[in-house]
Amino acid sequence: MCVIRPRRAAVVIDQLQARRDPWLPGYRARVLDGNHLSATEHRLEVLRGTWAAPLPGRILVVMDPELGLATDAFVTPDGHANERTLLDDVLQTVREKDLWIADRNFCTFEVFVPNR
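According to the working numbering, the sequence shown is numbered sequentially starting from 7.
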């Protein structure tokens, strides 16, 4: 699994004083969503004669609405992985006074009752 964090763009936005107004003052809003990575046009030679193709990897992206940037990306090469398999890595980035917005796929017992 690979984690990507584009910090230099955030520094530039702060220096330009170009942050947007917070969605909920006093809280750090984060929007979480996942998707499959784009498939490549180049297939392995052994798979060129079949309609079946391997799935590309999976990515979870965290967006900061104040910066207008994707601040974290969690990537796995396993195209069959469920988004929730990357959730443990995402939860390590959660801080006090965070407001996380995600779709229903992330509404699991483990998220709301950790360390059980």
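There may be inaccurate statements among the hints.
Here are the in silico distance ranges between beta carbons for each label pair [what the hints assert, rightly or not]:
id : residue 1 : residue 2 : range
1  : V81       : L105      : 41 to 51 Å
2  : R13       : G55       : 13 to 23 Å
3  : L22       : R54       : 23 to 33 Å
4  : L105      : E51       : 40 to 50 Å
5  : V81       : Q23       : 27 to 37 Å
6  : D39       : D84       : 10 to 20 Å
7  : P62       : P28       : 29 to 39 Å
8  : D20       : E102      : 15 to 25 Å
These are calculated hints, taken from the structure and not from any lab test.
For glycine and all other residues, C-beta sits at the position ideal for the given N, C-alpha and C.
Here is what the structure says about each hint:
1. V81 to L105: 41 to 51 Å: violated, 24 Å
2. R13 to G55: 13 to 23 Å: violated, 45 Å
3. L22 to R54: 23 to 33 Å: violated, 49 Å
4. L105 to E51: 40 to 50 Å: Since L105 and E51 have Cβ atoms about 48 Å apart, the given range 40 to 50 Å holds.
5. V81 to Q23: 27 to 37 Å: Because 32 Å falls inside the window, the suggested range holds.
6. D39 to D84: 10 to 20 Å: Between D39 and D84, where Cβ atoms are some 18 Å apart, the hint holds.
7. P62 to P28: 29 to 39 Å: For P62 and P28 the Cβ distance comes to about 35 Å; the hint holds.
8. D20 to E102: 15 to 25 Å: Roughly 21 Å apart at Cβ, these two residues keep to the hinted range, so it holds.
When the structure is compared with the earlier hints, violations turn up for hints 1, 2, 3 and for no others.
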